[in-house]
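Put together the whole structure using the sequences plus the hints.
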Amino acid sequence: MSALINGRIEWLPCIFYVIAQLLGSLLGAFIAWCVAGSGLTTPGALHNACVKAISVEILITMLLVLVFLGASDPERGDALKDLGGVAVGLALAVGHWVGIPFSGGSMNPWRTLASAITQNHWDNIWVYFVGPPVGAAISAVTYRFVFSGAKEGASL
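Going by full-length UniProt numbering, the residue at position 36 of the sequence shown is 36; the numbering climbs one at a time, nothing skipped.
Some clues are possibly wrong.
Pairwise CB distance ranges (calculated) [as the list claims (entries may be wrong)]: (1) V94 - V18: 30 to 40 angstroms; (2) F145 - I117: 35 to 45 angstroms; (3) P74 - L12: 27 to 37 angstroms; (4) A49 - L12: 30 to 40 angstroms.
Hint data in this document are derived by calculation from the structure and do not stem from the laboratory. Remember, it's a predicted structure, so these values are computed and weren't measured experimentally. All residues carry an ideal CB built from backbone N, CA and C; glycine is no exception.
The following block contains the structure:
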């Protein structure tokens, strides 16, 4: 979605990426369920857990997407591009480290949907269909208009 907002891919490839991500998530969740018997992502058992979970999901997804967009920007020539995989991996690790106590650290609604399907557990699934997409969209728009030096008059 963030690549689509930033004009890096067209609608048709975006649809195929979404389908592939869903299928990959289902396969991964099924394997995790078979091997470990778990893999479920749920908000932590805290007071106002859903409010905290959705807030954390928005923030950690924003971090991940901003780092990804910066690391994969074809117009950047700095060291971040050379170490893009490391930067994205560190952002993912920090997102999980911060997010797991509050929300399970999903950052991906398809991953959470897949674990909900394999374990038939649907409590608060909406958190993961609101938080990460909102965080990704905020980051994509921020990157496009603040960090990438979008031309004047650029629109979504």
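Checking against the hints above, which ones are violated? Numbers 1, 3, in rising order.
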